[in-house]
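Trainee: Next come the chains, spelled out residue by residue.
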Amino acid sequence: MGIRLRVSRQTLAVLDVLLDHPMQWHHGYALSQQTELASGTLYPILMRLEKASWLETRWEDSPVPGRPPRHFYRLSANGREWAREELRAAQTSKFWKPVHGKV
Amino acid sequence: MAAMRSSLLSRVAVQSMHWAVRVWPDSSRQWGMAVLGEMDEIAEPGAVLSWAAGGMLLFLRAVVAQVLEWMKLPAGSGFSGAALPSTGDGPQFPKHSRLATAVVLLAAVTLLFLPMGREAARTVDACWHGFVPSQRERQDLERLAAKAEKEKDARTLGFVALTYPDADRGTHFADEAVQLDPSLTWIYASRYSYRPSGEPTLTGERLKQLKSYDPDNAAVYLVSAFVEGEPLIENRSGRKGSAVGPLGDELAKNRQWLKDMDAAFHAPKYDNYFQPHQELAREGWSKAPALSPGAIAVSLWSHNIPDATQIQAYGELRVREALQAGSTGRAKDAEDTLAEVAGLGKRMSDAGATPYERMVGLGLMKRGLEGYEKLYRASGQTKEANEIAAQLHEAETTTRGHIDGYIGWREEIVKGLWWKAVLLQAAGILSLLLMIATACSLVVLEVGTAIGRRLVWLRTAMCKVVDYGPAVLVLTSLVFLWSFQPIARIFEQYRSGKSANMEMAGLFWQLFALRAVSLGWYFREPYYQWLLATILLVVIGAFLLVHGLLRAKGTAER
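Just so you know, the protein sequences line up as chains S and C, in that order. Residue numbers are given in the working numbering: position 97 of the first sequence equals residue 101, and the series is strictly consecutive. Residue numbers are given in the working numbering: position 430 of the second sequence equals residue 497, and the series is strictly consecutive.
If you're looking for bench data, these hints aren't it; they were derived computationally from the structure. Since no wrong hints were added, every one of them can be taken at face value.
Partner residues aside, some chain S positions facing chain C, computed with beta carbon under 8 Å: (1) G32; (2) A42; (3) S43; (4) M51; (5) P73; (6) R74.
Partial selection, computed: residues in chain S whose CB lies under 10 Å from chain C: (7) L50; (8) W63; (9) R71; (10) P72; (11) H75.
Using N, Cα and C, we set each Cβ at its ideal position, and we do this for glycine too.
Build the full structure now, drawing on both the sequences and the hints.
Mentor: Written out as structure tokens, the structure is:
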């Protein structure tokens with residue numbers, strides 16, 4: 005199953021956005037805008053999720069020549085299951101209120 | 068204009084991220100690239116800046132994480148394993164991580180940087196410099212004097228005057244102190260004997276001030292006479308044989324010297340100002356406890372003590388004059404003159420604050436009594452002569468008692484402190500060597516990747532030093548502090564104590580013991596430096612020779 009993560013409100017917000025369209029690939033800036041998290045907060049969360057194998061990542065070359073490739077993210081199958089559980093538990097305990105996703 | 072500035076800032080932000088990605092630790096570089104990949108998609112300059120700031124924060128976290136990971140590895144090893152030596156059976160890396168080594172080293176350094184550790188280090192350093200004041204001590208004293216000048220603190224200025232190593236500068240502070248508080252005029256008499264520059268700073272004006280400050284004190288006239296007599300004594304030391312006549316006769320040609328000596332022998336009291344000097348030293352040191360004990364040592368050791376040679380020379384002149392007066396029938400004149408000689412001797416032996424002064428006083432008194440005895444025997448006054456002989460015997464016994472008591476007392480104190488001084492310095496030297504060895508081993512292990520492939524034994528030795536050096540350093544630091552404790556107690560008692568004489572004795576002899584066993588002092592002497600260099604070269608040469616022979620033998624056998 006991977007490593008047990010400390011699930012903060014910010015992490016729950018990221019999971020919520022990722023679960024909103026679970027099969028869709030998201031890029032960092034869009035996640036940042038949707039969760040209203042700064043890059044310095046968002047990326048450590050993504051790094052932890054990836055390390056725990058809840059997150060799948062891929063690179064995509066930019067259509068504009070000379071620009072660096074972009075990194076995309078979505079939850080893995082296990083990750084989706086886990087994220088739903090975490091969001092439900094957080095909601096039940098009134099620790100967190102959903103904004104985007106439907107748990 | 069604002070748009071231009073925003074655009075410029077955006078470009079700087081993007082460039083900064085490019086640079087960060089280039090130096091980003093390998094293990095997480097992809098995340099830096101991910102942050103960078105988004106930057107071209109952000110249109111608003113403010114958002115670019117904010118995005119870049121977050122990226123830089125991520126970069127710092129990655130660097131810190133990398134450093135922590137690196138610290139968990141032993142010295143000399145890297146993440147890639149490129150630093151691993153390819154040969155050798157022994158331990159090629161230290162057993163402990165860099166973090167463990169750093170923590171133990173930090174503990175040792177912290178011990179040495181505690182207030183007591185710093186004072187111990189200052190003391191040993193001063194002792195290795197033979198208590199010759201350093202530039203830092205001069206600066207400390209200058210700062211203290213500047214503060215005292217601002218606050219019009221005459222006593223602190225007086226302390227600096229008596230402690231400052233350079234006579235000219237010291238005299239400048241003495242002038243300031245005396246100007247603020249004329250009751251400190253005695254300072255002029257207390258620092259004359261310490262003149263590294265060789266130039267007398269006691270000018271006629273200051274001597275005049277001194278004489279009018281304490282006109283009944285023999286010590287001030289003796290100081291004045293020494294100023295007159297010293298050039299002649301220095302000049303005599305350069306001459307030899309028949310060119311050198313009796314000292315008294317030569318000195319007597321200087322009328323001022325005669326006048327001063329006459330006044331000293333007639334003065335009703337003798338006070339060499341040793342007591343106020345050490346009180347001032349105590350006061351000054353308690354105001355500036357961070358001052359090196361070396362500075363205090365200079366202050367105490369530089370106290371002006373009477374020149375026995377000149378006193379004895381004048382005493383001889385007077386005794387000769389008395390005997391001549393006696394032989395021409397002027398017995399009363401002779402007795403008066405001898406009374407002056409024995410009188411000053413008695414005053415010095417009774418009131419002298421240092422054993423040396425008391426001994427000089429006793430010697431002078433005995434010379435006067437010997438004159439009396441000769442005078443009475445020559446005039447046939449046997450009864451009086453016998454009485455004087457008894458007094459002489461008594462003076463002799465007192466002198467012997469003083470000498471024995473002084474030597475015994477000194478030996479007792481020094482013996483008690485000797486091992487502490489040796490232990491302190493040995494622990495200090497060992498700590499210093501360990502620090503150097505550990506630092507060198509760490510540096511060589513980190514940068515010297517070739518070592519280990521060729522000099523396996525050296526690499527093994529360095530690994531041992533890195534593994535055990537810091538722990539032993541903690542131990543030697545503790546011994547260093549522990550052995551300094553009694554010395555620190557004496558220093559503290561001196562700074563804050565009430566019974567001045569005993570603490571003075573303790574401090575004085577402690578410093579003496581430290582100086583006497585100053586191991587580091589030897590290595591400041593060019594002779595010992597050359598000796599050490601020669602021994603090292605011989606050892607290295609012998610090692611290379613034996614090593615070469617063994618290798619040649621091994622090759623031949625193969």
